[in-house]
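Enquirer: Below are the chains, spelled out letter by letter.
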Amino acid sequence: MAVLTCRAAISGATGEDHTVQPQEVQPVQLLTPDGKLAENEVYGPFIAELSAEKLRELYRYMAMERRLDAEATSLQRQGQLALWAPALGQEAAQVGTIAAIKSSDMVFPTYREHAMALYRGISPEELLTMFRATRHTGWDPRDHNFHVYTLVLAAQTLHAAGWAMGINQDLRMGSVPRDRAEDEIVVACIGDGATSQGDVHESMVFASSYELPLLYFIQNNHWAISVPTRTQSRGPLVNRAQGYGFEGVRVDGNDVLASYAVATKLSDEIRAGKGPKLIESVTYRMGAHTTADDPTKYRSSEEVELWEGRDPIRRYRSWLSSADHADESFFAEVDAEYKDLAADMRRSVLAMEPIDLERVFDTVYSEPHRQVETEKAWLKDYEAGFAEDQTEAGTAR
Amino acid sequence: MAETFNLPDVGEGLTEAEIVTWRTTVGATVEVNDIVVEIETAKSLVELPVPYAGIVTELLAAEGETLEVGAPLIRIAAEGEEVPDPGSAPEAASEPAEQQSPEQPAAEEKPGRSRSARAKKAAAQKREGSERGDSERGNSQRDGSARDEQKTPTQNEALVGSGPKADSASRRVRTRSTAPDLVDLEGLEIAAPASASGTYTDIADIVARASPPVRALAKRLGVAVWELVGSGRNGQITRDDVERQAQQKREQRASGQMPAPGAPAPGRRKTTPAEEGLLFEGPREENIQVRGVRKATARNVTASATTVPHVSVFKEVDVTRTMELRQALKKDPSYAGLSVSPMLFAAKAIIWAVRRNPQVNATWHDTHYTLKNYLNLGVAAATPRGLVVPVIHEAHAFNTRGLAAALTQLAIDAREGRTTPGEMQGGTVSITNIGTLGLDSGTPILPPGQASIVALGAVRKKPWVVEGQIVPRDVMVIGGSFDHRLIDGDLAGRFISDVAAVMEQPGLLID
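Residue numbers (the working numbering), protein chains in the order written: chain D, 118 to 514; chain X, 26 to 536.
What the hints contain is simulated information worked out from the structure, not anything from laboratory work. Just so you know, not all the hints are guaranteed correct.
To be verified - The list that follows gives simulated cross-link-like pairs (lysine to aspartate or glutamate, EDC-like), each with its CA atoms no further than 16 Å apart:
id	chain 1	residue 1	chain 2	residue 2
1	D	456	X	56
2	D	219	D	158
3	D	414	X	310
4	X	68	D	410
5	D	456	X	59
6	D	497	D	484
7	X	68	D	411
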């Protein structure tokens with residue numbers, strides 16, 4: 118299989134047609150949908166290096182995400198979560214990529230990077246606090262090198278560029294050990310829809326101009342809520358990288374091995390000082406955009422069935438078995454483990470305490486602030502103005 | 026123990042849903058998360074998984090019926106529990122379980138979920154309800170609407186209303202309003218920001234309330250903007266406000282109610298500042314906006330003085346030989362048109378002394394410091410705009426004439442206000458000539474990022490002891506300030522002594 122990196126598709130205008138015909142880019146794929154490992158000179162060696170234990174770990178996290186996703190969706194349907202954004206179908210893209218980078222690399226997620234969060238040691242309970250609206254976030258980014266879920270679309274791409282500029286400054290000023298700063302990269306996660314945001318443009322311009330150690334990880338799950346990717350981008354998103362002056366690679370996001378290999382290769386190059394890189398991970402959002410969305414209203418069941426056939430977990434499981442990296446007892450053990458995880462998750466969600474508003478106000482500034490105190494007093498007064506019997510209901514507002 | 030699953034808000038702020046299809050029947054066994062019903066909300070068709078395991082004892086709404094969020098939907102009894110006959114009255118199924126549960130810890134078989142006072146209250150309310158009208162209640166439940174239970178809170182209430190409300194029908198009832206325009210709190214010990222007062226005395230406030238064209242108009246018409254109350258949106262002062270005020274003043278003047286500008290107050294002559302208790306003509310106090318060089322200077326000296334511990338040293342030195350050399354150079358045609366000042370020799374002396382004491386030419390960064398192997402000489406200059414410190418880059422690379430030319434050009438640019446911000450960047454060591462102000466010494470504040478600044482005093486004829494004799498000599502004080510984090514008094518002293526040595530004996534400059 119050829120190496121498929123981003124190439125501009127500018128074929129020149131022909132006659133009266135002045136539109137540029139975008140060239141389709143074949144994604145890098147190592148595992149075929151029926152679970153066969155293809156030869157690949159460039160990316161194959163990255164997989165050959167992986168131990169059976171590591172290969173099984175990839176499966177574990179994919180399965181864990183899927184179980185968590187199902188339980189969280191049910192909890193939302195039972196009124197125990199305010200909202201849930203499923204990552205169903207995107208497990209391989211996320212696990213393959215996060216497994217390829219170092220735990221010291223800072224990741225700036227969207228609000229759908231559940232598998233990545235789990236991989237970084239964030240517990241299901243911590244992950245769900247925001248979705249139950251009991252905290253703004255369930256974890257301290259510094260503990261996991263994993264930023265808080267960012268709900269403002271694409272804002273995290275600017276945060277990531279800023280963080281990467283900080284790494285460069287550290288290097289320049291020598292304020293952290295050189296080998297540590299040189300070894301650090303930043304990952305900015307984006308969805309296909311958010312690539313239309315101006316923030317992404319600014320981030321990529323800065324990343325390119327300053328040769329930042331930044332990896333853009335676009336999960337193209339084909340739908341920006343109800344808008345298909347083709348409406349927002351006439352050509353493959355990966356082609357945009359070249360416009361900014363850096364390399365992009367398109368990968369089959371439902372292939373965990375290809376996702377791992379591509380992310381490993383690109384992150385190694387970024388670490389070698391070659392500036393930013395971009396991954397367009399072609400995958401599919403099997404579920405709704407969020408639990409407040411009904412995808413049957415805008416996409417066909419044929420399309421969903423087509424992607425069902427490319428299921429990332431089934432594909433990987435079949436290869437793990439056929440290549441003797443895991444046996445049935447392993448899969449049974451994983452299933453049992455995550456059944457317990459789901460039950461624990463349910464218990465911990467029901468036991469979550471509502472957010473302490475006082476604390477929210479008290480952490481706005483490091484010192485007492487008149488305006489904040491005023492607003493806190495206003496809210497207290499407002500909260501006290503509800504009729505008795507109804508304030509008892511809906512404490513978790 | 027029976028559990029009731031109430032209709033949750035499955036969207037963001039939905040208030041009701043229609044029961045489309047029941048996927049289970051009374052008497053069926055269900056597991057947690059089994060799909061039991063399909064509902065349709067304003068947004069979508071949704072399958073609801075049940076949160077309890079057990080046997081379905083009641084379906085509390087009919088297909089096609091619309092329920093409000095929070096209304097009971099289905100009742101599940103734990104397996105092994107006596108399942109009531111679906112045909113019997115609903116009270117038989119629900120009441121005993123609800124009544125006994127608060128008192129029976131054995132009923133708490135599910136971890137993480139405890140009976141609370143709220144549940145007790147719920148049970149009590151239910152009892153009240155049944156006493157109020159058994160027959161009515163029975164009817165309503167039999168037809169499945171269960172309207173009288175809608176406000177009954179049960180344990181594990183659904184999260185209701187996570188987003189914008191679709192309609193306001195289910196909003197919590199308020200007993201009173203909270204002033205939405207509350208902007209400040211009285212009796213707080215934290216100081217209010219200056220602009221929070223309601224008056225128009227603050228310049229920033231006027232700037233916020235009157236646009237530049239309006240302020241220009243007011244100035245032209247002689248209207249005091251700060252005396253106006255804005256009639257525009259958010260109290261904005263408009264052109265009309267200004268013109269109305271101007272018109273009013275004109276009329277008052279015409280009718281003699283108000284003196285013309287500059288005219289003495291009626292009935293008395295024009296007063297002098299002294300009579301008004303003032304120093305000079307003008308308002309008693311005036312707020313003057315800080316901008317430009319003043320603002321930059323304030324920022325820089327504050328940053329430097331508050332973060333850098335300064336240490337200053339001084340040395341008085343006989344500079345007669347330097348002044349003689351100066352006279353000689355002034356006569357040299359190659360220096361024609363160039364300013365040959367003590368500053369030139371001091372600059373040369375500094376370059377010489379920095380070579381011998383490299384650490385004075387550095388920047389401190391807490392964990393490390395950057396030692397510079399070049400010298401960008403900052404030259405402090407008093408200009409009509411204020412203090413500027415233009416920089417001669419790579420000063421060590423200039424010969425004496427070149428340095429004289431650079432200093433001359435720099436002085437002209439600074440005086441004419443042509444110094445660009447770029448020309449003020451990157452200084453590594455600075456010099457300030459306070460001698461031109463007739464002063465002998467001072468403790469200058471370091472420019473940001475620099476560790477040394479040298480201050481030159483005025484050259485004066487003074488009695489000086491030379492070889493046991495008191496003779497008149499040209500004498501000046503050379504001193505300076507240093508970043509003590511990097512430069513101790515010892516190094517500062519050696520550096521200033523080296524500068525002084527060159528000023529005393531410029532022959533040292535000959536390599």
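Enquirer: Hints numbered earlier in the text: which of these fail when held up against the supplied structure?
Expert: Hint check: 2, 3 and 6 fail, others pass.
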